[in-house]
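Trainee: Spelled out, the chains give:
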Amino acid sequence: MSGALASTLAAAPTLLQSGDGNGGDAAVLLPEWLADVLGLDGLGGAGTAIAALIAAFAIANVMLIQAALAGPWLKRKIAAAFWGKLGPNRMGPGGSLIIIADAVRMLSKELIVPDGADRPAWDLAPIVVAGSAMVGFAVIPFGEIGGVQIQLADPEIGLVLVFAIASVTSVGLVMGGYASSNKYSMLGSLRAVAQNIAYEIPLILAAGSVVIFAGSLQLSEIVAAQQETLVGPIPAWYAIVNPFAFVLFLIANLAEVGRNPFDIPEAPTEIVAGYQTEYSSVYFVLIYLGEFLHIFLGGAIAAVVFLGGGAGPVLPGPIWLIAKMWAFFLFTQWARQTFPRVRIDQLIEIGWKGLLVLTFANLILTAILVGVLEGDVEFSMAALQVITA
Amino acid sequence: MSTGEEQTDDAEQAIEPTEAKLTELKSLLGEHVLDTEEHLNAPGIVIRPDDVQAVLSTLKEEAGYDHCSCVTAQQYDDRYESIYHLKKFADPTDEVSVVVPTARDDPISESAAPVFTTADWHEREAYDLVGIEYDDHPDLRRILLPETWQGHPLRDDYDQDRPQIVTLRENANPLQKDHRGDPEDGESDTMFLNIGPHHPATHGVLHLETVLDGEQVVDVESDIGYLHRCEEQMCQQGTYRHQIMPYPDRWDYISAGLLNEWAYARAAEDLADIEVPEYAQVIRTMSAELCRIASHMLAMATFALDINGDFTATFMWAIREREKAQAILEDLTGQRMMFNYFRLGGVAWDLPDPREDFFEKSRDFLDGLPGATREFHDLLTNNEIFQLRTIDTGVIDPETAKDFGCTGPVARGSGIDYDLRRDDPYGYYDELEWDVITEDGCDNYSRLLVRMREVEQSAKIIDQCIDLLEGWPDEEREIQANVPRTLKPERDTEIYKAVEGAKGELGIYIRADGTDKPGRFKIRSPCFSNLQSLPAMAEGEYIPDLVAALGSLDIVLGEVDR
Numbered sequence: 000m001s002g003a004l005a006s007t008l009a010a011a012p013t014l015l016q017s018g019d020g021n022g023g024d025a026a027v028l029l030p031e032w033l034a035d036v037l038g039l040d041g042l043g044g045a046g047t048a049i050a051a052l053i054a055a056f057a058i059a060n061v062m063l064i065q066a067a068l069a070g071p072w073l074k075r076k077i078a079a080a081f082w083g084k085l086g087p088n089r090m091g092p093g094g095s096l097i098i099i100a101d102a103v104r105m106l107s108k109e110l111i112v113p114d115g116a117d118r119p120a121w122d123l124a125p126i127v128v129a130g131s132a133m134v135g136f137a138v139i140p141f142g143e144i145g146g147v148q149i150q151l152a153d154p155e156i157g158l159v160l161v162f163a164i165a166s167v168t169s170v171g172l173v174m175g176g177y178a179s180s181n182k183y184s185m186l187g188s189l190r191a192v193a194q195n196i197a198y199e200i201p202l203i204l205a206a207g208s209v210v211i212f213a214g215s216l217q218l219s220e221i222v223a224a225q226q227e228t229l230v231g232p233i234p235a236w237y238a239i240v241n242p243f244a245f246v247l248f249l250i251a252n253l254a255e256v257g258r259n260p261f262d263i264p265e266a267p268t269e270i271v272a273g274y275q276t277e278y279s280s281v282y283f284v285l286i287y288l289g290e291f292l293h294i295f296l297g298g299a300i301a302a303v304v305f306l307g308g309g310a311g312p313v314l315p316g317p318i319w320l321i322a323k324m325w326a327f328f329l330f331t332q333w334a335r336q337t338f339p340r341v342r343i344d345q346l347i348e349i350g351w352k353g354l355l356v357l358t359f360a361n362l363i364l365t366a367i368l369v370g371v372l373e374g375d376v377e378f379s380m381a382a383l384q385v386i387t388a
Numbered sequence: 000m001s002t003g004e005e006q007t008d009d010a011e012q013a014i015e016p017t018e019a020k021l022t023e024l025k026s027l028l029g030e031h032v033l034d035t036e037e038h039l040n041a042p043g044i045v046i047r048p049d050d051v052q053a054v055l056s057t058l059k060e061e062a063g064y065d066h067c068s069c070v071t072a073q074q075y076d077d078r079y080e081s082i083y084h085l086k087k088f089a090d091p092t093d094e095v096s097v098v099v100p101t102a103r104d105d106p107i108s109e110s111a112a113p114v115f116t117t118a119d120w121h122e123r124e125a126y127d128l129v130g131i132e133y134d135d136h137p138d139l140r141r142i143l144l145p146e147t148w149q150g151h152p153l154r155d156d157y158d159q160d161r162p163q164i165v166t167l168r169e170n171a172n173p174l175q176k177d178h179r180g181d182p183e184d185g186e187s188d189t190m191f192l193n194i195g196p197h198h199p200a201t202h203g204v205l206h207l208e209t210v211l212d213g214e215q216v217v218d219v220e221s222d223i224g225y226l227h228r229c230e231e232q233m234c235q236q237g238t239y240r241h242q243i244m245p246y247p248d249r250w251d252y253i254s255a256g257l258l259n260e261w262a263y264a265r266a267a268e269d270l271a272d273i274e275v276p277e278y279a280q281v282i283r284t285m286s287a288e289l290c291r292i293a294s295h296m297l298a299m300a301t302f303a304l305d306i307n308g309d310f311t312a313t314f315m316w317a318i319r320e321r322e323k324a325q326a327i328l329e330d331l332t333g334q335r336m337m338f339n340y341f342r343l344g345g346v347a348w349d350l351p352d353p354r355e356d357f358f359e360k361s362r363d364f365l366d367g368l369p370g371a372t373r374e375f376h377d378l379l380t381n382n383e384i385f386q387l388r389t390i391d392t393g394v395i396d397p398e399t400a401k402d403f404g405c406t407g408p409v410a411r412g413s414g415i416d417y418d419l420r421r422d423d424p425y426g427y428y429d430e431l432e433w434d435v436i437t438e439d440g441c442d443n444y445s446r447l448l449v450r451m452r453e454v455e456q457s458a459k460i461i462d463q464c465i466d467l468l469e470g471w472p473d474e475e476r477e478i479q480a481n482v483p484r485t486l487k488p489e490r491d492t493e494i495y496k497a498v499e500g501a502k503g504e505l506g507i508y509i510r511a512d513g514t515d516k517p518g519r520f521k522i523r524s525p526c527f528s529n530l531q532s533l534p535a536m537a538e539g540e541y542i543p544d545l546v547a548a549l550g551s552l553d554i555v556l557g558e559v560d561r
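Chains as they are written, first to last, in numbering that gives the first Met the number 0: chain V, 0 to 388; chain L, 0 to 561.
Hints should not be assumed to be uniformly reliable.
[What the hints assert, rightly or not] If you want a taste of the chain V side facing chain L, the calculated C-beta under 7 Å gives, among others:
(1) F81
(2) W82
(3) P267
(4) Q336
Hints were generated in silico from the structure; no laboratory data involved.
This structure is a prediction, so every number in the text was calculated from the model and none was measured.
Idealized CB from N, CA, C, for every residue including glycine.
Please put together the full structure from these sequences, using the hints given.
Mentor: Put into structure tokens, the structure is as follows:
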């Protein structure tokens with residue numbers, strides 16, 4: 000499903016060449032390059048679609064492999080490191096074969112369907128959760144290898160699109176929680192909605208300040224704008240240019256991906272497992288997978304918007320971007336090991352009374368600053384008017 | 000050790016104040032007192048079954064007996080008897096037993112629940128196991144056994160061989176009564192939710208019947224008894240000398256075993272008038288405090304688990320510290336959890352050889368403890384999110400806590416300065432330097448803080464004990480008093496004695512019937528009384544705070560249900 004969607008996106012007419020001079024040579028997007036190499040150009044639209052499908056398949060698999068590494072194995076290894084234990088170490092090198100053992104175990108479990116489950120919705124929810132996280136990667140620019148931009152599609156509205164897709168997950172959570180016919184699931188899904196509404200806006204506003212800097216919603220443009228150096232060897236990453244926005248974004252992002260201290264929709268000690276209480280076997284795997292993909296997507300967005308995308312010395316872009324995604328994953332695990340969970344009412348309060356105000360302030364200040372720096376007084380005045388209003 | 004003459008002197012001295020107290024009580028209660036009894040721990044006054052509330056409220060309001068520690072029910076050949084063991088929070092050695100006999104053919108007694116809230120559950124248990132009915136009781140149902148149970152197991156006409164045949168249909172199915180809190184028109188905003196008996200936050204098999212309004216708890220009721228293992232009956236079938244001691248380990252089974260053993264040892268030793276050698280008392284004190292540290296560490300770990308919501312570093316680090324205490328206890332007793340180390344009149348054996356290694360290991364543990372505690376303060380008490388979650392949630396004020404019979408860290412977290420180790424000294428505690436910890440916050444945070452600070456005090460006690468044991472002359476290492484092979488305390492001697500367990504006041508009531516086995520063995524579980532106060536803490540709060548309050552009570556279902 001994700002592949003099909005991605006290919007539609009890839010084939011969409013919003014395709015644009017990236018790079019505005021700072022980003023170096025105009026790079027070719029992965030599907031275009033594939034179409035070229037495989038000689039699918041001759042087939043016209045169909046050829047582009049096939050190339051996009053192949054590219055999407057490749058990217059999706061890279062993501063799935065990462066989730067497989069993270070879920071059953073590295074997550075445990077990381078947790079064990081925090082606990083002062085060894086973690087899995089019996090199966091394969093460093094216990095890595097536990098991935099296979101776990102996969103077999105999970106998939107061979109009985110799929111238990113609760114009695115009053117609302118069937119189509121209940122079955123669709125895991126697919127929506129896993130699928131929406133996966134689709135988000137369609138617009139992530141992974142960086143360049145040999146002049147090829149590893150990105151499936153680069154629409155002008157990339158940033159908006161990726162946020163929109165990422166928040167489709169909450170629809171999946173609500174579907175699953177509501178259709179499970181379980182009060183814990185229901186509480187979990189209600190919490191998921193409340194949480195997502197409270198955090199989506201600060202998240203987008205924090206990213207919005209970057210849009211003002213970059214002057215574009217196109218992800219490749221945002222990355223390209225960060226390729227300069229600020230002072231000496233320090234890169235002009237927006238995390239360094241505007242660390243305040245970065246911190247706000249990280250906090251909101253933790254809530255968005257539902258990790259500690261904001262893992263309220265699951266809240267294992269309170270509402271058992273929240274929206275996923277009734278899911279088992281394959282469906283559970285899908286939801287679990289969706290969660291990890293979601294964390295990685297959150298990391299990828301943070302990397303693209305604030306950490307210069309695939310920028311980094313020596314190694315090729317995609318490696319750097321994936322490294323940054325893993326850094327975000329480590330950050331979530333670190334938070335998970337140390338932070339207590341906030342209560343739902345406190346979370347809403349932090350979201351609406353704290354983060355929202357701060358992100359708005361950040362957005363307007365950024366607007367004024369950018370206006371002054373670029374000599375665009377009108378722009379600054381407009382921002383000031385927003386404040387006074 | 001002492002001569003017979005001295006003993007008589009002691010006995011006379013002991014009886015005189017008791018008689019003075021009895022005269023005082025008689026003048027206070029006047030007509031109500033039918034007769035008096037002599038229990039080893041306290042004077043007993045016998046009253047009519049319909050005078051219970053009048054007598055108890057007089058004793059509570061005018062004589063200051065504000066702590067209804069326990070209610071024991073039992074059957075005699077000619078009557079049933081409920082005994083209310085009253086104490087003062089200010090001075091737990093000032094005790095009085097209110098004995099309420101009821102007729103054998105129609106055992107109805109007035110309920111004490113309107114006077115002491117804690118009597119609610121205790122009387123339900125008495126009704127459940129012995130079958131005494133309490134008039135004016137707010138909710139007289141079975142509490143430990145299933146609702147459909149036939150008969151009352153502690154009655155002498157109870158036939159244990161008769162199978163309990165109750166069809167599945169007749170059993171209450173909690174899933175069916177799913178709309179409690181919903182009025183008939185179905186337009187209510189509340190939702191009934193079963194939390195447990197299998198739920199990550201219930202720390203065992205506890206079933207909380209909750210009514211929720213959104214995320215807020217409107218009503219919560221504990222359904223216990225899933226882990227009822229007839230501990231009292233089993234103790235009644237064991238001989239004093241050897242067969243009872245293994246059972247206490249199984250009450251509060253998470254590493255507080257020696258504290259439980261001490262409860263039985265203390266009651267039985269006082270009953271049989273056994274003098275424990277000082278050396279053994281020091282070993283007992285040291286090992287019991289190790290148990291307290293282990294138990295408090297686990298309490299902290301699970302509380303962190305409830306607040307953090309996952310198996311986190313805090314949980315694992317606390318378990319690691321507990322593990323060190325466990326290792327020392329294992330060296331000492333040979334067991335990790337079911338120690339069975341205390342004996343009547345002493346302990347099973349001396350410290351392990353070589354003694355220097357044991358001392359070194361213990362000292363290493365104590366030396367590492369301040370660092371570990373600092374880590375936990377960094378991770379928990381100094382964490383702002385943690386403070387946000389625990390301060391001013393699960394509040395129980397001191398008066399309510401006393402009314403519910405809360406003891407231990409729960410009471411001390413509400414500012415009640417009550418610790419039996421100091422107030423009713425036993426073992427070697429009164430010879431050592433340490434403080435009773437109290438916090439005035441009355442909330443979840445205070446209860447955690449009390450436990451964390453108590454760990455420090457326990458470490459202080461252990462340190463002094465190790466010093467004492469190190470310097471103890473070889474020839475005076477007497478670990479065991481000379482106790483007869485068979486103990487047969489005199490018929491109808493009764494005693495109720497408590498020690499400060501990890502969770503609070505752990506009391507044992509024993510009535511001797513002239514044989515080598517107790518006629519009645521009653522356990523006063525601190526968790527049982529503490530758990531009863533959960534609604535007072537959690538109603539009106541959010542679900543996460545209910546979970547936090549439950550965690551801060553630090554209950555062990557093995558001890559609640561016995």
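Trainee: Classify the hint on W82 of chain V as holds or violated, based on whether any CB of chain L lies nearer than 7 Å to its CB.
Mentor: The hint holds - W82 of chain V has a Cβ within 7 Å of chain L, the shortest such distance being about 4 Å.
Trainee: Take the shortest C-beta to C-beta distance between Q336 of chain V and chain L; is it under 7 Å?
Mentor: Holds, about 4 Å.
Trainee: Against chain L, with CB atoms and a cut of 7 Å, does the hint on F81 of chain V hold up?
Mentor: holds (5 Å)
Trainee: May I ask you to test the interface hint for P267 of chain V with respect to chain L, counting a Cβ-Cβ separation under 7 Å as satisfied?
Mentor: Holds, because the Cβ-Cβ distance from P267 of chain V to chain L comes to roughly 5 Å (cut-off 7 Å).
Violated hints for the displayed structure: none, as all numbered hints are satisfied.
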